[in-house]
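Q: The primary structure of each chain is shown beneath.
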Amino acid sequence: MAKLHISTTINGEPTEYLCAPDETMLDVLRNGLGLTGSKEGCGSGDCGACSITMDGRLVCACLVLAAEAEGSEIETIEGMADGEALHPLQQKFLEMAALQCGICTPGMLVAAKSLLEQNPNPTETEVRYWLAGNLCRCTGYDKIIRAVMDTAADMRGAA
Amino acid sequence: MTDTQYMAPQTLDEAVTAFAAGGEAARILAGGTDLLVQMGAGMVNPGVIVDVKKITELNSIEETADGGFVVGAAVAGAVLEEHPTFGKVWPGVLEGLNLIGSTQIQGRASLGGNLCNGSPAADGVPAMVAAGAVLTVQGPNGRRDIPVKDVPTGPGKTSLAPGEIAVCFTFPPRPAGSSDAYLRMIPRTEMDIAVVGVGVNLTMKDGVCTDASVGLGAVAPTVLLVEDAAKALIGSKLDAAALDAAAAACSAACNPIDDKRGTIAYRTKVAGVLLKRTAAIAAKRAAGV
Amino acid sequence: MSETTNKWIGQNTIRPDGAPKVTGSAAFAADTNMPGMIWGSVLRSPHAHARIKSIDTSKAEAHPGVKAVVTAADIVDFPVDTPFPLGIQDMRWMCRNVMAREKALFHGHPVAAVAATSEAIAAEACKLIEVDYEVLPHAIEIDDALAPDAPILHDFIEFEGKPSNIAGTLEHTKGDIEAGFAEADVIIERDFTTRPVHQGYIEPHACLVSVAADGKATIWSSSQGQFMVRAMTGLLTGIPQSDIRAIPAEIGGGFGGKTIVYLEPLATILSKKSGRPVKMVMTREEVMRASGPTSGSKSTIKIGAKKDGTITAAEGIYWLQAGGLPGSPIRGAVGCALAPYDIPNGRTFGYDVVSNRSKVAAYRAPGAPIGAFGIECVLDEIAEELGMDPLDLRLKNAAKEGTQAVHGPTYPLMGYVESLEAAKAHDHYKAPLGPNQGRGVASGFWFNAGGESSAQVNITEDGNVVVTTGHPDIGGSRAGIANICAELLGIDYRRVSVLIGDTATIGFSNLTGGSRVLFASSIVVTESTNNVIGTLCALAAKIWDIDPEAVIWEDGEARPAGANAGQFPPLTLEELAARANESGGPIGAGAQINTTGAEGGFGTHICDVEVDPELGTVQVLRYTVLQDVGRAVHPSYVEGQMQGGAVQAIGWALNEEYIYNKNGHVDNPGFLDYRMPVASDMPMIDTHIIEIPNPKHPQGVRGVGEVPLVPGLAAVRNAIHDAVGVRFNDLPMSPPVVLDALDMAEAAE
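Taken in order, these protein sequences are the chains called A, B and C.
Counting with numbering that gives the first Met the number 0, you get residues 0 to 158 for the letters of the first sequence.
Counting with numbering that gives the first Met the number 0, you get residues 0 to 288 for the letters of the second sequence.
Counting with numbering that gives the first Met the number 0, you get residues 0 to 748 for the letters of the third sequence.
Here chain A stands alone, though its shape is the one from the complex:
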């Protein structure tokens, strides 16, 4: 099938790619562009491991067609740190052991960052419901929720 030529912006970089009309954004990120930080845990929007933002909106890359990204702004886990300087959420996840195997971590971080941009002072319940679409089988969520709450407090303090 004829491939489509898409121009988009990924993590601030103008990016062009060719994709099949029925190819997902996740497949293009992972296989076409080498951005393998977004993980495929289910391919059906149930695990959140492929969370990215598209024009500032949190979405599952497995449920977006690559063709839809024309002209849009995509942010992935690879764009979260500023060079060697980790985002406060990334740093906090390390300090508080909010990851074990690490497969859900990129999606969890992207989703948590999106939450804090929208709500800098979330309650525990708000964090838990916001992240309900990000499955983690290792941690039981405790340290993840604490890390997000702690980061939010730090960022409010710094602001």
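For the record, the hints were derived by calculation from the structure and aren't laboratory data.
Hints should not be assumed to be uniformly reliable.
Derived lysine-lysine pairs resembling DSS-like cross-links, with alpha carbons at most 25 Å apart [stated by the list, open to error]: (1) B:53 x A:2; (2) C:395 x C:429; (3) C:429 x C:52; (4) B:52 x B:156; (5) C:395 x C:173; (6) B:204 x B:230; (7) B:156 x A:2; (8) B:259 x C:661; (9) C:399 x C:306.
Coverage of chain A stretches by chain C, computed from C-beta distances (three or more under 8 Å per stretch; other residues unrestricted) [claimed, not checked]: (10) 3-17; (11) 72-82; (12) 94-101; (13) 126-139; (14) 142-151.
Ideal placement from N, C-alpha and C gives every residue a C-beta, glycine not left out.
Please arrange chains B and C on chain A, whose structure you already have, making use of the hints.
A: Same frame as chain A, but now just chains B and C:
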């Protein structure tokens, strides 16, 4: 394997032409949260995918001069949630839409998609049915309005004619003392498909229910408008007897199946339980508390 | 309990593999690609049980883009009459699990695989393979498989002289069970069932295999043991192990489910045939249909006690589902069931039952949660019957140092009693409860494991440290290893790099499993590091021209042992590394040890729930895990194990189950309807670490990771009973089940 085409027209006319030309293999892409899952599972292999997110009318929210709303069929749940007034007037419709899937799904899933996917368990639909919302569709033969309650005709089936595209929903203006609510039963707290979903739309005056409408999901091949439940509520103070009668009407209206998400007995009983709880929330909202 | 002199052991350091994991650069199995790579796809049985009469792959082979096809004919056969154990597996069953031979034994059983230039072409070509099946009646549940007219899965399996689906048994006995029950004032006997549950790792199985023209294979895959991958792939493909290099990718969760191979042998044969690197990645649906959950079970539990709570006898009979091939974890069930208790007369017996489901794999303390469930439920009922606090009943009968367990061993120093006492003293246990709320407790045991491990500790020329071990790090073990090595060397932990070696770069190391990794790897890392320190001291002695015995290692530098040894300024690790060539050259040491002394682990859980009596939903309000961990080398990751295990137990108790349709197909093969706990379902999980150091380990380490799954099923169930007065003996306690039972209880009143 058929070659799939993708197009994202700027106008509704273009979309209608392309969708109609695509015939049975054409699919509308709004949020894609059902379509891409079906494609991934090999259940659907679209000939043409018509992405409607660039069409203004399908993606805008308008508050009309008389206090009604017109909501584009492709407006994502997260976008509708951010609207300054819609959720104040139709909190039940909004909570139904906002219960579809995760935050990530909310960034994409729309009322139009939820309705046209035809699932009896669609969370977005019962409160719209109770709200008396009307869907405007446009197809090769022009535009027409269909009450939302008449859109689903069976699991995966709708009354849209071939080539018709869902354009927008019209929510009527409402009298003072009106509100609505939606509750669903799921085994977890999130990320499940409704086992039962109940939308209740009420108008209260001096503590008496003067108007009511009840939409019931996941208990029959289509979402139901339960008129007997509404009748039981209207004229009452939503006292225990009225709520019991309405709950019984909901349970009686159930025609569910046993499946991996719930049993017939469970769904039938829970429909009544949820009716009572949903009506109580709607009444509280209507009273402004 | 921990010694205050420790600088790094007991500290929550940043894990060595942390930055790559939070920035997305860590390479998991599906993240690696190679030039010229093609894709493999598996054709799976559409039937739950069928004889394979013939397979015709010619159309698939002729399909454009197809580079190779594999069927059972390409896999080394291990005849069913000759046992061939490999670890806890048997290659007779492995070879039939990776590819159906005589029969397809479950819906989703691999029948053939294709490699092609794209995933889509490979999947398309699978559909062109023609398989002639003779469809057979199937048996899914234990009772179906044990029925007199049950379809027999394997004609080579006999039990009590007849063809049977009972593939094996295991028994433990102690004392005189009948005499014990005769002494009892109260005897309670109940039947229980648990459902099969999946490990639920978020990363699907994946591998990339490249077989070079000389026949040497390189495997990148996500597993709990690169040496297991090498051994099984070698045996199943006929390639010598020396020609296979298995490289462990970062692993996205395993919980036991990645202790066997599924894709690696297929990809290896496809790569060998095609001459191209072959990548294979399971879909979530394939994971749910065809990888191994843990067993479903039924059991009959009988416990007798005196009025003062002394248990006089206990018996547990268990039937565990193995899936289509033998090998359910009956050892864990019958071994761990009574392990927390000092019981004079005990008997446990387990049956291994085959049926037409995917072959089970290990899942976190395999079998032990099943063993503990019924026991801990009956104990709760005995406590109620006797009017005793359930923790006091357990304290009365708790195993301690010197107790001989029903499953055999006599315990050394260990901290089960401490976990019970800590639970009793915990403010959680005294907190008030509201309407429809209840509290339950339960305890559990896991054997833990030692076994083979290897490590290499090298000092770099600039005086830093590289540690290589041979076990995939599944939950932070590298952080613990860094702490231990830094502690011994007296240097900052950030100077210690910890890597997981592949099968060509580190000595044999057994699986990541059995809660053995930190236990075993710290033994080999300690030995290696101590040898390195010996080398460093000898080098300093040579430089100072004194006796090596007169040099000690402190705070990261060599010092004269005392005034008599001479007056020399200390030599730091950096200084010694720079002068390594003055004495023999590079500084490094390795150790390869079959470790022993992994003593069992015990824990106790407290769970509070609230039941919605109109909907049957159960919300966990508060949860506390109390466990003897020996020594918490990295407390955060220890807590993480306790929390993660508890939440898996809650999922198992409340909502997780496989649902089969009448055709014997799994009806919920995805995360939507296989309902693992999500963040909004859970409260914080409180932890209480107890440190009774393992006397047989240099740092006092005990295994930690598996114990916390064991008590949880019964803790949740006992809490629900406390809330609503109904005893649930069948899992899961999902809303329809709970509501139905509440309605029946109401009707009975």
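Q: For every hint, state whether the structure bears it out.
A: Each hint, compared with the structure:
{"no.": "1", "hint": "B:53 x A:2", "in the structure": "holds (21 Å)"}
{"no.": "2", "hint": "C:395 x C:429", "in the structure": "holds (20 Å)"}
{"no.": "3", "hint": "C:429 x C:52", "in the structure": "violated (65 Å)"}
{"no.": "4", "hint": "B:52 x B:156", "in the structure": "holds (23 Å)"}
{"no.": "5", "hint": "C:395 x C:173", "in the structure": "holds (19 Å)"}
{"no.": "6", "hint": "B:204 x B:230", "in the structure": "holds (16 Å)"}
{"no.": "7", "hint": "B:156 x A:2", "in the structure": "violated (32 Å)"}
{"no.": "8", "hint": "B:259 x C:661", "in the structure": "holds (12 Å)"}
{"no.": "9", "hint": "C:399 x C:306", "in the structure": "holds (22 Å)"}
{"no.": "10", "hint": "3-17", "in the structure": "violated (count 0)"}
{"no.": "11", "hint": "72-82", "in the structure": "holds (count 5)"}
{"no.": "12", "hint": "94-101", "in the structure": "holds (count 7)"}
{"no.": "13", "hint": "126-139", "in the structure": "holds (count 13)"}
{"no.": "14", "hint": "142-151", "in the structure": "holds (count 4)"}
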